[in-house]
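Trainee: Residue strings, one per chain:
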Amino acid sequence: MARPKALVDMSQHYCPGCTHGIIHRLIAEAIDTLDIQDRTIGVASVGCSVFTYKYFDCDMQQAAHGRAPSAATGIKRVHPDTLVFTYQGDGDLAAIGTAEMLHAAIRGENITIIFVNNAIYGMTGGQMAPTTLVGQVTQTSPYGRQIETQGYPMKVSETLATIEGAAYIERVSVDSVKHIKAAKKAVEKAFRYQMEGKGFSLVELLSTCPTNWGLSPIEATDWLRENMLPHYPLGVYKDKGGEQA
Amino acid sequence: MSERVLMKGNEAIAEAAIQAGCRYFFGYPITPQNEIPAYMSKRMPKVDGVYLQAESEVSAINMVYGAAGAGARVMTSSSGPGISLKQEGISYIAGSELPCLIVNIVRGGPGLGGIQPAQSDYFQSVKGGGHGDYRLVVLAPSTVQEAVDLTMEAFDIGDMYRIPVMVLGDGMLGQMMEPVEFKPFQGRALPAKDWATTGTRGKRKRNIVNSLYIEPQALEEKNLARLEKYRQIEQREVKYEMQDCDDADIVLVAYGTTARIVKSAMKAARREGLKVGIVRPITLWPFPAAVLHNLAETAKAFLTVEMSMGQMVEDVKLAVNGVKPVYFYGRTGGMVPAPADILEEIKKIYGGEK
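So the sequence lines, in the order shown, correspond to chains A and B.
For the first sequence, our numbering begins at 1 and goes up steadily by one.
For the second sequence, our numbering begins at 1001 and goes up steadily by one.
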């Protein structure tokens, strides 16, 4: 397995067993396959994803917490012939960046968001995220997430499916080879839609955080399957260009 | 030859930006600057530019960040409360060393404050506003014509030094109508934006626009390099207007529209035989400290007049450095000082009452 051209040859800072590495590879493979490396501009966010500006071998900007879709909007409006993507975690996108994500979709901004959902804030040490499951223990929900005081987990793909400006929304997972293959297709499709000018696309990737979940990598993938998949069903939530539009 | 046209300050600023080559405007409604986005929404599509009304000031400034990083001439405008929201983005823009224009048509504060003119955002504009060690170049026009000229120059200063530039007006300047002339824009010779994210186009290695330096040594190095740039700006870009200071006992210091009122008071004082001059800072950063410092040798006292509770007066005091007394007179909350009141203050200083 050769390294994709769109990934820089360097070691990454991610913890052992973390699935960010897989997702990086899927994006880089999509860039290689579509032959768009020299006209792709990526936007890194805040969280574990902050260093993505080092890892992708294309022009990159690092954005403020939650603001990547706005930065991407600025870039795309200046260079409409480029492919612009953001790489954001669930704290960044579904909490502090909710307005930016939602309104980029509402405008039908022709950008691609790669949304990594691991149900926790990783970089800051495992705090509760909007996507943290009910009952899930985190640093800031030590008794488990309580519906009464902390509400329900946010379903980003389902929410965006209601937005007219969204062209393509799919939730995938990277817990198994089968799911990774489907995820690869989804990432590639999102970029292709952008190339075709179809509008806003977002791929939500269910991902693990063994370190902050306090599990081994294998236990973490099992936990994802048993807990996240039932609450976050995989599938295409919006497809303006496809048959099931 | 260009001709003189009667224009509102806000619209004149917008037109000046377009004539200086700005093709991207990201904003959000707030009084008293609404004529700027309104004008841009009409004009930008006609010059193949982009006008985008964002969902918030926070989002708008981050669109500016993206567009500036992508190499465009780009601007936003707002007023007090909206400028507060933009501070996060301004800090990132400064940290990533990107050029852009931010127009602040100041209204009374704090909080939601009011919508009448004020100069109470001086600290925020000149001393930082957002987090971290950084500076903005802050330009303070006092007439609509000067607002036009400075807006055009702001983009060149930004591009020359890779620094965000603020045009600091107030509600009065934004709303007043005056005749203006749009002289053909004579730009400076500027360095190529070879750092911008444009896509590598197979011609170069990747560019990264970033303000994160996790190693303290690297961050200090970066900050000190920027400090060196700030020193250069302090040496080259200071602008001020000085009138009747040669024999002045009292030097009045005021900027923006307040300086026009102060000039009326100064003329009235001269008619009464009082030797009064004025220094009007045009750049608030870099501040014309040297000229005030030198005047401290000949003048007997300084009187700073502002539409605030006293902000720029601190920089005047730093420049004068205790050599002579520095007095302050201000109105706040959207109230405008009257020439008669300023004359009264001048007489108090003369009479030893202050």
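Just so you know, the hints here were simulated from the structure itself, not pulled from any lab data.
It should be emphasised that the depicted structure is a prediction, and the values quoted were computed from it without experimental measurement.
Glycine included, each C-beta is placed from N, C-alpha and C at the ideal position.
Treat the hints with caution; some may be incorrect.
Unchecked claim - DEER-style ranges, computed between Cβ atoms:
| id | chain 1 | residue 1 | chain 2 | residue 2 | range |
| --- | --- | --- | --- | --- | --- |
| 1 | B | PRO1216 | A | GLN139 | 37 to 47 Å |
| 2 | B | HIS1131 | A | VAL134 | 33 to 43 Å |
| 3 | A | ASP38 | B | GLU1003 | 29 to 39 Å |
| 4 | B | GLY1132 | A | TYR152 | 33 to 43 Å |
As the list claims (entries may be wrong) - For lysine-lysine, the following DSS-like pairs were computed, each having C-alpha atoms within a straight-line distance of at most 25 Å:
| id | chain 1 | residue 1 | chain 2 | residue 2 |
| --- | --- | --- | --- | --- |
| 5 | A | LYS155 | A | LYS181 |
| 6 | B | LYS1300 | B | LYS1317 |
| 7 | B | LYS1263 | A | LYS54 |
| 8 | B | LYS1222 | A | LYS54 |
| 9 | B | LYS1300 | B | LYS1354 |
| 10 | B | LYS1354 | A | LYS5 |
| 11 | B | LYS1300 | B | LYS1263 |
| 12 | A | LYS5 | B | LYS1127 |
Trainee: Decide, hint by hint, whether the structure agrees.
Mentor: Verification of the supplied hints:
1. PRO1216(B) to GLN139(A): 37 to 47 Å: violated, 26 Å
2. HIS1131(B) to VAL134(A): 33 to 43 Å: holds, 35 Å
3. ASP38(A) to GLU1003(B): 29 to 39 Å: With Cβ atoms ~47 Å apart, the hint is violated.
4. GLY1132(B) to TYR152(A): 33 to 43 Å: Hint holds: Cβ distance 37 Å, inside 33 to 43 Å.
5. LYS155(A) to LYS181(A): holds, 23 Å
6. LYS1300(B) to LYS1317(B): holds, 14 Å
7. LYS1263(B) to LYS54(A): Distance of about 55 Å is beyond 25 Å: violated.
8. LYS1222(B) to LYS54(A): With a Cα-Cα distance of about 18 Å, the restraint between LYS1222(B) and LYS54(A) holds, given a limit of 25 Å.
9. LYS1300(B) to LYS1354(B): Within the cut-off at roughly 13 Å; holds.
10. LYS1354(B) to LYS5(A): At roughly 73 Å apart (the allowed maximum being 25 Å), LYS5(A) and LYS1354(B) break the hint.
11. LYS1300(B) to LYS1263(B): Given pair LYS1300(B), LYS1263(B) holds - Cα atoms ~19 Å apart, limit 25 Å.
12. LYS5(A) to LYS1127(B): violated, 45 Å
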